[in-house]
Amino acid sequence: MEENIAVTPFKEPFIPKIYLVLGRQTVSDKMLQLIAALALRQPLTVLDCGNRSNMYAVAKLIRPYTSDPVAVLGHIRLSRAFTCIQVLTMLEAAAARPQASDPCIILDLLSTFLDEDVKLPDAERLMDRSLACLRAISQTAPVVISARPLPLIARERASLYEALHEAADTRWAEPEALTAGHLQPALFA
Amino acid sequence: MSKQLSSANKTMQQGAGNARLLSRQSSSINKTVEQGTDNAHLLSKQVPVSNTDLEPSSEGNALAPAGKVFRGWLLDLYTSGEDGVKLWFIGEGDDVRVSFTHNFPVTFYAAGDHSELRRLWKQLQGQEGILSLRRTQKQDVFVADPVDVMEICVSNPALQQRIFFGLERDFDSLTWYNSDVTIQCRYIARYGVFPMALCEVVADNRGRIQSIKPLNSRWDVTPNLPPLRILNILPNADPARSQVSGLIISSDTLHEELAFDKESVWLREVNKILKEYDPDIIVTDWGDAWVMPFLLSRSEEANFPLSLNRDQERSVRWQKETSYFSYGHIIFRPEEAHLFGRCHIDRKSAMMWSDYSLAGTLEMARVTTLPIEKAARVSPGQGISAMQVITAMEKDVLVPYQKRQVEQFKTGLQLIQSDRGGMIYQPKIGVHTDVAEIDFVSMYPAVIIKGNISPEVPLPDLLEPASEELGVVPLTLKPLYEKRVALKHKIREYVPGHPMAKTLSERAMALKWLLVVCFGFLGYKNARYGRIEAHEAVTKGGRETLLRAKDVCEENGFEVLHMYVDALWVKKRGYSKVSDFEPLIQAINDRTGLTINLDGIFRWIAFLPSKIDERIPIANRFFGVFQSGEVKVRGLEARRRDTPRWIAAVQREMIDIIGKAKYRPELEKRILEAFQIYQRALALLKACDVPPDQMLINGKVSYALDAYKASTAAVRAARQMEAAGMPIRPGQRIRFLFTKGEADVFAWELGKPFDPKMLDAEKYIRLLAKAGAAVLMPFGLDPDLLIEWSERGHIQLQLKEAYSTSDLPDQDK
Chain D
0 MEENIAVTPF KEPFIPKIYL VLGRQTVSDK MLQLIAALAL RQPLTVLDCG
50 NRSNMYAVAK LIRPYTSDPV AVLGHIRLSR AFTCIQVLTM LEAAAARPQA
100 SDPCIILDLL STFLDEDVKL PDAERLMDRS LACLRAISQT APVVISARPL
150 PLIARERASL YEALHEAADT RWAEPEALTA GHLQPALFA
Chain H
0 MSKQLSSANK TMQQGAGNAR LLSRQSSSIN KTVEQGTDNA HLLSKQVPVS
50 NTDLEPSSEG NALAPAGKVF RGWLLDLYTS GEDGVKLWFI GEGDDVRVSF
100 THNFPVTFYA AGDHSELRRL WKQLQGQEGI LSLRRTQKQD VFVADPVDVM
150 EICVSNPALQ QRIFFGLERD FDSLTWYNSD VTIQCRYIAR YGVFPMALCE
200 VVADNRGRIQ SIKPLNSRWD VTPNLPPLRI LNILPNADPA RSQVSGLIIS
250 SDTLHEELAF DKESVWLREV NKILKEYDPD IIVTDWGDAW VMPFLLSRSE
300 EANFPLSLNR DQERSVRWQK ETSYFSYGHI IFRPEEAHLF GRCHIDRKSA
350 MMWSDYSLAG TLEMARVTTL PIEKAARVSP GQGISAMQVI TAMEKDVLVP
400 YQKRQVEQFK TGLQLIQSDR GGMIYQPKIG VHTDVAEIDF VSMYPAVIIK
450 GNISPEVPLP DLLEPASEEL GVVPLTLKPL YEKRVALKHK IREYVPGHPM
500 AKTLSERAMA LKWLLVVCFG FLGYKNARYG RIEAHEAVTK GGRETLLRAK
550 DVCEENGFEV LHMYVDALWV KKRGYSKVSD FEPLIQAIND RTGLTINLDG
600 IFRWIAFLPS KIDERIPIAN RFFGVFQSGE VKVRGLEARR RDTPRWIAAV
650 QREMIDIIGK AKYRPELEKR ILEAFQIYQR ALALLKACDV PPDQMLINGK
700 VSYALDAYKA STAAVRAARQ MEAAGMPIRP GQRIRFLFTK GEADVFAWEL
750 GKPFDPKMLD AEKYIRLLAK AGAAVLMPFG LDPDLLIEWS ERGHIQLQLK
800 EAYSTSDLPD QDK
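In order, the protein sequences belong to chains D and H. Quick note on numbering that gives the first Met the number 0: the first sequence kicks off at 0 and runs consecutively. Quick note on numbering that gives the first Met the number 0: the second sequence kicks off at 0 and runs consecutively.
Errors might be hidden in some of the hints.
[Stated by the list, open to error] Cβ-Cβ distance ranges computed for the label pairs, FRET-style: (1) D:Q41 with H:A465: 27 to 37 Å; (2) D:K16 with H:P104: 34 to 44 Å; (3) H:D395 with D:Q98: 27 to 37 Å; (4) H:A703 with D:D127: 42 to 52 Å; (5) D:Q41 with H:K631: 52 to 62 Å.
[To be verified] For lysine-lysine, the following BS3-like pairs were computed, each having C-alpha atoms within a straight-line distance of at most 25 Å: (6) H:K394 with H:K449; (7) H:K631 with H:K661; (8) H:K756 with H:K739; (9) H:K659 with H:K576; (10) H:K708 with H:K659; (11) H:K347 with H:K699; (12) D:K118 with H:K524; (13) D:K29 with H:K708; (14) H:K319 with D:K118.
Hints listed in this document are in silico derivations from the structure and should not be mistaken for laboratory results. Yeah, the Cβ is synthetic: ideal placement off N, Cα and C, and Gly gets one too.
All chains, please: the whole structure from these sequences, using the hints.
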């Protein structure tokens, strides 16, 4: 069962398990808010799989709450991956860290798996191995993963999305945009 | 047969829709799948060949001279089954075309868990074509110490590809090296020969190479090149727009116009030309999409084989169409027709043809070792990649199959500090006189070489290298950079307009593109020798260089008006001659260690503000006139690909006329003339008196059409094409017109007649007004007023005081 992220914000405190956040741009913004909120309190790891880690935005978010933004930004341990092979390598390295308990934020996990240069069976195999790593990490640390809905062009890769969905313990989803028929009429139309 | 085009014979005419029909027909042609030389699964379209149909072959000269030394230029090289590789040469003295084969075992490597390597060894041992298996140590660029690898030697390249693709599936945890290197890269790494290299070959009496060596170098500035036979085959109309009724075939010795006829006489004539002239390069327009499929389908229908390939054992090879990302854009590359023993270049598919033509294409092939056909079509990035692979193989460094290295962990602050682009210093809005434009010669490549920036070596502190031995990337770039500089010097030996100057410029342009992409390639996700930290180190070095240059300028009393990544615009009152700026150039060279050039001195230059807020300057949006009279425009409509040609031409004409003003009293008159040009253009537009093909908008669809929720004009035009049965691919360019009525666009490629009265004049007036306003605004005309005046009239246009023309001289200094 997915909870509506517009109504239910991220639940805290996080416990070690896999959280999946599904949605478009607003979810990217919420993930940056989450990174900022966590960084104000503790170290965390950010694995960016879709070039979404806008640290300028994070710096702006933390600024009203700290007199030492440099130290807070120093709490964020970040690496970016640009191919699904790199995503797997990055997750294997993270899983190999003994007993790491810092929250692990994974941005836009599916992005690189939609690369059409990577054949679907290869992408599925790499996704399986990546999910195994995520499960290992989630034994000791909360893992929050964001993903965007599959674009139409990648609809034949729905199995990747389903596998990720299946692997998550808790799921939050951005609500679908209301269609014209469901919009509240304007008072002064 | 009549060599004049005949419009009478309609039955064989092919038109717009026929291009699509042909592509469907061609799919019914016998297709066989074969392994390409570069991992691509290539489809081969074969026309059934009947020996009785074959005319006496002009390819009789394709027999290799046995058991003696042969000298000639390498034209083509490809895998040839158990023979290894096949090479085609142009004879040095006797103008013959000769092929040889060369036994060419290839080696690749696997690393990983020892138990997996053991399992691999068991699977490969005794397998057909495996010549040897052994354990050894090799250098992986991303690992400090040599790695243990299994070396697998296979009898020929074609078999190696088949074996590897099977292994990759079965042993997915192993790391593979040198497994997908193209045959061209392997061959040059072993023997040093490359496309258009003059070679000395010793072969046995069966045409098998015993030894081969190059007699010249990729880096020769004035290489000894072969006399090429180039045959142009062009349809007599654009197949997408109108009926093609014949082919125009020309070369240095012939010019024929062949009209299509029922009896296929024209086809026999084409074949006769192919056999008698025996071209090295066939140049076509729409060759991949129309000419080749058309020739093959007619050849099949008439049961008359065409000698398109010089290698008679091979059929035309088709490389599948593809869409890919490049620098933030989706690019669509249509299906490609490749030949064996000679080359086919489709000018419409040749990515950079308009920039560097055939001379640049051959230069690209020489330095990158890409086959000529491929060098003409692919982006320069693939050329850089091939060069890096060769450098690595020459250094005996492993070539990774898939890059696994990820970015080292950074803090949030470190990411902010490192993930930056080039330095930009916003321009001072307005018109300025006697401004020098100085820019660094190939700045980023120079920073890479000077700073020794490569993924496998320690990164520099700003511009000072952290290690002495050059890494793979700078080692690849250094000769390229030096060759380009040498070519630029060579060009100066000729007067402008000299044919040799043109050829040298095209070659230099090809090298420039390679140098331009090398920086981006460092950060490219699939680059074998890419690393994001190295990419960031280059921009950091660039920013530092520009800041040092700015310091030098200001220390010497110059005002810096604008800086943009690798260029500065500077002025100093009373300085207007080249010699005035020479000490400054020298001082910057000394301070940065990089070469900076004076591009020219602007008589005047106008830096433009934002269209939305005229107080905000916009980087790299300017126009101006050099003292030579040459006009330079950046960021204006005239430079944009999606501006209708006619509007771009009007804007360019307005700038040219203002550019003629040398002195202040002349300026007002010239501005008035420019405005008159604008007025005339506006009148033509309002009278719908502009040819529709001059008003085409060049749009693009970046995604599959069903992925669009909101449709842009280009998407709406693409949907019209799709509805007419024309397939649309992501990255495809769509030409269209804005029209009146419910369907507010007209897809040009539909090929239907168009009534100029249907043009949406209002939209085009707005586009014209924006283009005109950009030119007149720096001289005091309010752009919003001009737009309103153009659309509605009845407004008094007023000239404000120009931003700054007070220092334009009253008379000649």
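Okay, the hints, checked on the actual structure:
{"no.": "1", "hint": "D:Q41 with H:A465: 27 to 37 Å", "verdict": "35 Å, holds"}
{"no.": "2", "hint": "D:K16 with H:P104: 34 to 44 Å", "verdict": "54 Å, violated"}
{"no.": "3", "hint": "H:D395 with D:Q98: 27 to 37 Å", "verdict": "42 Å, violated"}
{"no.": "4", "hint": "H:A703 with D:D127: 42 to 52 Å", "verdict": "27 Å, violated"}
{"no.": "5", "hint": "D:Q41 with H:K631: 52 to 62 Å", "verdict": "55 Å, holds"}
{"no.": "6", "hint": "H:K394 with H:K449", "verdict": "20 Å, holds"}
{"no.": "7", "hint": "H:K631 with H:K661", "verdict": "16 Å, holds"}
{"no.": "8", "hint": "H:K756 with H:K739", "verdict": "9 Å, holds"}
{"no.": "9", "hint": "H:K659 with H:K576", "verdict": "19 Å, holds"}
{"no.": "10", "hint": "H:K708 with H:K659", "verdict": "49 Å, violated"}
{"no.": "11", "hint": "H:K347 with H:K699", "verdict": "16 Å, holds"}
{"no.": "12", "hint": "D:K118 with H:K524", "verdict": "17 Å, holds"}
{"no.": "13", "hint": "D:K29 with H:K708", "verdict": "24 Å, holds"}
{"no.": "14", "hint": "H:K319 with D:K118", "verdict": "16 Å, holds"}
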